[in-house]
Amino acid sequence: GEDVEQSLFLSVREGDSSVINCTYTDSSSTYLYWYKQEPGAGLQLLTYIFSNMDMKQDQRLTVLLNKKDKHLSLRIADTQTGDSAIYFCAENYNFNKFYFGSGTKLNVKP
Amino acid sequence: SAVISQKPSRDICQRGTSLTIQCQVDSQVTMMFWYRQQPGQSLTLIATANQGSEATYESGFVIDKFPISRPNLTFSTLTVSNMSPEDSSIYLCSAWERQGNTIYFGEGSWLTVV
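Sequence order for the protein chains is D and S. According to the numbering used here, the stretch in the first sequence is residues 26 to 135, in order. According to the numbering used here, the stretch in the second sequence is residues 675 to 788, in order.
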């Protein structure tokens, strides 16, 4: 459960959709999470998905889970400049162990 | 969801000194953790703060360098001892709630060691 991988950067134009991808390694992970970190701030929980689901939608956010490929994605619709931040995926291993990806820095251009 | 407050939020520290970071949660939580986030890096778990007993440290972290207290279910402290510039990091307190199986974070304490 320690190798959670993300691409480091993503740049999109305001109004476009953003898709941030993550791969994880532990098939026994029961929950997978997306956190947002704005400059100078801590981590804010955005959303999470149970491993027995393949999709979860919450307003502008859509999480897709492909358990077979151990692939998680976060889609942000109608991306705004306020969405510029670092996005971390995390997997929950052994109920109280969380492993975080390296973070994807999303840059939204006006 | 739990609301977590940390202080100090930022500090500039002299090499060789120690600093204690306080973490207060607005509700009783099952578990509390301390993470470190070095500049441009992801989060690394330092230790699990256990109520009324010694913390459980991850590989690479030791009690002498990072003493931790957790006197009750809502409060914990992390001390960074004998600081060096390599300790310049964000230190994040977090709390895990069994209900919802979710981990929440404080705003972090940004330490710069000069």
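Calculated from the structure, these hints are not laboratory results. There's no promise every hint is true.
[Unchecked claim] Here are the simulated EDC-like pairs of lysine to aspartate or glutamate, each with C-alpha atoms no more than 20 angstroms apart in a straight line:
1) Lys739/S to Asp761/S
2) Lys95/D to Asp761/S
3) Lys130/D to Asp94/D
4) Lys130/D to Glu781/S
5) Lys93/D to Glu63/D
6) Lys681/S to Glu63/D
7) Lys93/D to Asp103/D
8) Lys681/S to Asp700/S
9) Lys93/D to Asp41/D
10) Lys681/S to Glu781/S
11) Lys95/D to Asp28/D
12) Lys61/D to Glu732/S
13) Lys122/D to Asp28/D
14) Lys61/D to Asp94/D
15) Lys92/D to Asp108/D
16) Lys122/D to Glu732/S
17) Lys122/D to Asp761/S
18) Lys92/D to Glu39/D
19) Lys61/D to Glu781/S
20) Lys130/D to Asp41/D
21) Lys134/D to Glu39/D
[What the hints assert, rightly or not] Across the chosen pairs, the derived CB separations fall in these ranges:
22) Ser679/S to Lys93/D: 18 to 28 angstroms
23) Pro759/S to Gly65/D: 31 to 41 angstroms
24) Ser683/S to Leu33/D: 39 to 49 angstroms
25) Ser683/S to Asn91/D: 34 to 44 angstroms
26) Pro64/D to Asp685/S: 30 to 40 angstroms
27) Gln712/S to Ser53/D: 36 to 46 angstroms
28) Asn756/S to Glu39/D: 18 to 28 angstroms
Beta carbons are placed, not taken as given, at the ideal position from N, Cα and C, and that holds for glycine.
Quick rundown of the hints versus the structure:
For the proposed pair Lys739/S and Asp761/S, the alpha carbon gap of about 10 angstroms is at most 20 angstroms, so the pair holds. A C-alpha spacing of about 34 angstroms is found between Lys95/D and Asp761/S, which places the hinted pair above 20 angstroms, so the restraint is violated. Taking the CA atoms of Lys130/D and Asp94/D, the gap is about 23 angstroms. The hint is violated against a cut of 20 angstroms. For the hint pairing Lys130/D with Glu781/S, the CA-to-CA distance comes to about 18 angstroms; that is within 20 angstroms, so the pair holds.
Pair hint Lys93/D plus Glu63/D does not hold up; C-alpha atoms about 31 angstroms apart against a cutoff of 20 angstroms. Under the criterion of a C-alpha separation no larger than 20 angstroms, the hint pairing Lys681/S with Glu63/D is consistent with the structure, at around 19 angstroms. Restraint check: the Cα-Cα separation between Lys93/D and Asp103/D comes to about 29 angstroms, which exceeds 20 angstroms; the hinted pair is violated. Between Lys681/S and Asp700/S, the direct Cα distance comes to roughly 14 angstroms. Compliance with the 20 angstroms bound is thereby established for this hinted pair.
Distance hint between Lys93/D and Asp41/D is unfulfilled; the C-alpha atoms sit about 28 angstroms from each other, more than 20 angstroms. Between Lys681/S and Glu781/S the alpha-carbon distance is near 9 angstroms, which keeps this suggested pair within the 20 angstroms criterion. For the proposed pair Lys95/D and Asp28/D, the alpha carbon gap of about 11 angstroms is at most 20 angstroms, so the pair holds. Under the criterion of a C-alpha separation no larger than 20 angstroms, the hint pairing Lys61/D with Glu732/S is inconsistent with the structure, at around 24 angstroms.
A distance of roughly 13 angstroms separates the Cα atoms of Lys122/D and Asp28/D; the hinted pair therefore holds under the 20 angstroms criterion. With a CA separation close to 24 angstroms, the supplied pair Lys61/D and Asp94/D exceeds the 20 angstroms bound. Of the pairs offered as hints, the one joining Lys92/D and Asp108/D is violated, with about 27 angstroms between alpha carbons and a cut-off of 20 angstroms exceeded. At most 20 angstroms may separate the alpha-carbon atoms for a hinted pair to count; Lys122/D and Glu732/S meet this at roughly 11 angstroms.
At most 20 angstroms may separate the alpha-carbon atoms for a hinted pair to count; Lys122/D and Asp761/S exceed this at roughly 23 angstroms. For a cut-off of 20 angstroms, the pair hint linking Lys92/D to Glu39/D is broken: about 31 angstroms separates their Cα positions. At roughly 12 angstroms between alpha-carbon atoms, Lys61/D and Glu781/S fall within 20 angstroms of each other, so this suggested pair holds. Between Lys130/D and Asp41/D the alpha-carbon distance is near 16 angstroms, which keeps this suggested pair within the 20 angstroms criterion.
At roughly 6 angstroms between alpha-carbon atoms, Lys134/D and Glu39/D fall within 20 angstroms of each other, so this suggested pair holds. A beta carbon spacing of about 41 angstroms between Ser679/S and Lys93/D contradicts the range 18 to 28 angstroms that was offered as a hint. Restraint check, Pro759/S to Gly65/D: a C-beta distance of roughly 20 angstroms breaks the suggested window 31 to 41 angstroms. Distance hint check for Ser683/S and Leu33/D: the Cβ-Cβ separation is about 27 angstroms, which falls outside the suggested range of 39 to 49 angstroms.
For the hinted restraint 34 to 44 angstroms between Ser683/S and Asn91/D, the CB-CB distance of approximately 39 angstroms keeps it satisfied. The given range of 30 to 40 angstroms is broken by Pro64/D and Asp685/S, whose C-beta atoms sit roughly 18 angstroms from each other. With their beta carbons about 29 angstroms apart, Gln712/S and Ser53/D fall outside the hinted range of 36 to 46 angstroms. At roughly 47 angstroms, the beta-carbon separation of Asn756/S and Glu39/D lies outside the given 18 to 28 angstroms, and the hint is violated.
When the structure is compared with the earlier hints, violations turn up for hints 2, 3, 5, 7, 9, 12, 14, 15, 17, 18, 22, 23, 24, 26, 27 and 28 and for no others.
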